[in-house]
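S.K.: One letter stands for each residue in the lines below.
Number of protein chains: 2
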Amino acid sequence: MKKAILLLSGGLDSATCGLIARNVGFEIYAMSFFYGQRHDFELNAAKKVASFLDVKEHRIVNIDPTAFGSNALTSSNIDVPKGSNISKDSSDIPITYVPARNTIFLSYALAWAEVLNCTDIFIGVNDVDYSGYPDCRPEYIAAYERMANLATVSGIQGQKLKIHTPLISFSKAEIIKTGLSGGIDYSITHSCYDPDAHGNACGSCDSCQIRKKGFEEAQTADPTVYNS
Amino acid sequence: MKKAILLLSGGLDSATCGLIARNVGFEIYAMSFFYGQRHDFELNAAKKVASFLDVKEHRIVNIDPTAFGSNALTSSNIDVPKGSNISKDSSDIPITYVPARNTIFLSYALAWAEVLNCTDIFIGVNDVDYSGYPDCRPEYIAAYERMANLATVSGIQGQKLKIHTPLISFSKAEIIKTGLSGGIDYSITHSCYDPDAHGNACGSCDSCQIRKKGFEEAQTADPTVYNS
Numbered sequence: 005m006k007k008a009i010l011l012l013s014g015g016l017d018s019a020t021c022g023l024i025a026r027n028v029g030f031e032i033y034a035m036s037f038f039y040g041q042r043h044d045f046e047l048n049a050a051k052k053v054a055s056f057l058d059v060k061e062h063r064i065v066n067i068d069p070t071a072f073g074s075n076a077l078t079s080s081n082i083d084v085p086k087g088s089n090i091s092k093d094s095s096d097i098p099i100t101y102v103p104a105r106n107t108i109f110l111s112y113a114l115a116w117a118e119v120l121n122c123t124d125i126f127i128g129v130n131d132v133d134y135s136g137y138p139d140c141r142p143e144y145i146a147a148y149e150r151m152a153n154l155a156t157v158s159g160i161q162g163q164k165l166k167i168h169t170p171l172i173s174f175s176k177a178e179i180i181k182t183g184l185s186g187g188i189d190y191s192i193t194h195s196c197y198d199p200d201a202h203g204n205a206c207g208s209c210d211s212c213q214i215r216k217k218g219f220e221e222a223q224t225a226d227p228t229v230y231n232s
Numbered sequence: 005m006k007k008a009i010l011l012l013s014g015g016l017d018s019a020t021c022g023l024i025a026r027n028v029g030f031e032i033y034a035m036s037f038f039y040g041q042r043h044d045f046e047l048n049a050a051k052k053v054a055s056f057l058d059v060k061e062h063r064i065v066n067i068d069p070t071a072f073g074s075n076a077l078t079s080s081n082i083d084v085p086k087g088s089n090i091s092k093d094s095s096d097i098p099i100t101y102v103p104a105r106n107t108i109f110l111s112y113a114l115a116w117a118e119v120l121n122c123t124d125i126f127i128g129v130n131d132v133d134y135s136g137y138p139d140c141r142p143e144y145i146a147a148y149e150r151m152a153n154l155a156t157v158s159g160i161q162g163q164k165l166k167i168h169t170p171l172i173s174f175s176k177a178e179i180i181k182t183g184l185s186g187g188i189d190y191s192i193t194h195s196c197y198d199p200d201a202h203g204n205a206c207g208s209c210d211s212c213q214i215r216k217k218g219f220e221e222a223q224t225a226d227p228t229v230y231n232s
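Residue numbers (my numbering), protein chains in the order written: chain A, 5 to 232; chain X, 5 to 232.
Bound conformation, chain A alone (with noise of 0.2 Å):
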């Protein structure tokens, strides 16, 4: 079986991307992170889905949350930003965007896949429901394929890497779908910035919105627990 790497977040994404590159006949490599994030439900969400998708590894990489600088996914200062009112700065860039953080997730994801020799990267990036994010989107994604092939050995050597974002033009509902028709119990999958002590989702932050938004228009039940 061909090696691929799964970034793998334990949100619904990433946890659809990994069924997908399952499906494909990859035999999984999946890499999720620890930067501090205000608690510990998406890790353990990403240990479920990575049980689910039987991958071969699973490696949760420790980053010194300093990097990213404060914002109102690390910082217990910064509330995150929920209702109606989602707040943007002033240049409409969601609050908890992270700076740099999915070039840091696919540089590691880069290291492993040398060391493994393997030649295909999978990111559950979506352009429709972050549009604000600009290490989402398609010409990001093609930048850095062509950089990551000429930062390596194995690039140089002519063998060439992927990055596969099979998502990356999905609404939410059509990742729903997708994720359903191969299997996934999305009940495993944590999407909440600001979920309760037990886990429990707020229900209005915009990870939750988006979430809840996604299964209504896929005309399905949402497995998600909100606590409001």
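Derived by calculation from the structure, the hints in this document are not laboratory data. If you're wondering where the values come from, they're calculated on a predicted model, not measured in any experiment. Incorrect hints may appear among the rest.
[What the hints assert, rightly or not] Sample of chain X residues facing chain A (criterion: CB under 10 Å; computed from the structure):
id, residue
1, F45
2, F56
3, F72
4, Y101
5, T107
6, Y112
7, A113
8, A117
9, V132
10, G136
11, I145
12, F219
13, Q223
Note that beta-carbon positions come from the ideal geometry of N, C-alpha and C, so glycine has one too.
Starting from the known structure of chain A, arrange chain X on it as the hints suggest.
M.R.: Structure of chain X alone, referenced to chain A:
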């Protein structure tokens, strides 16, 4: 003063690169990495160089050493090659090559640059002495810069990020002459891959050989203490 990030290893090249950045008027934010190197003499040298350059801040980032697999710089199971037979693998890649290292380092620098609202990164890569390393070549750096400008909010808002590689085409002798003319005391820098317990250089690893030859060609005294 305009800010710049400097990737600072503690070696001769990054010290000289930092000097050039300082001399063209940048306020320097230095970034070094601990990724399981066999010894800490390199990082201690980085601290001394940071002090000499009077940097605004020096951040030392921990990177999980398993990210890079096994290589001669981090694994005590692999001998650092010595003498006239510097071993390379079948494709002429030095055994001291660390997979995707510069890509990970630059990605941390990119995140910090965005946090600091800084658009200049200095890296002392050199394509002359390290021609076997894919991530020291101009085409790699150009591709990284292009990707970086698509990865970040500042990039897509037109604040172009520049990756400066002032040493990329210099010989080691030219690097040394440049540094000496700017007043660097190279005895505070560390190049050896395999120093003794006192931090004295082995004199025969790849890095020592290149350093020695550089001082010879620059026709200046080498301040390095070699133990052989």
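S.K.: Hint by hint, say whether it matches the structure.
M.R.: Hint-by-hint comparison with the structure:
no.: 1; hint: F45; verdict: 22 Å, violated
no.: 2; hint: F56; verdict: 24 Å, violated
no.: 3; hint: F72; verdict: 6 Å, holds
no.: 4; hint: Y101; verdict: 7 Å, holds
no.: 5; hint: T107; verdict: 5 Å, holds
no.: 6; hint: Y112; verdict: 6 Å, holds
no.: 7; hint: A113; verdict: 9 Å, holds
no.: 8; hint: A117; verdict: 8 Å, holds
no.: 9; hint: V132; verdict: 17 Å, violated
no.: 10; hint: G136; verdict: 9 Å, holds
no.: 11; hint: I145; verdict: 9 Å, holds
no.: 12; hint: F219; verdict: 30 Å, violated
no.: 13; hint: Q223; verdict: 35 Å, violated
Comparing the model with each earlier hint shows violations of hints 1, 2, 9, 12, 13; every other hint is respected.
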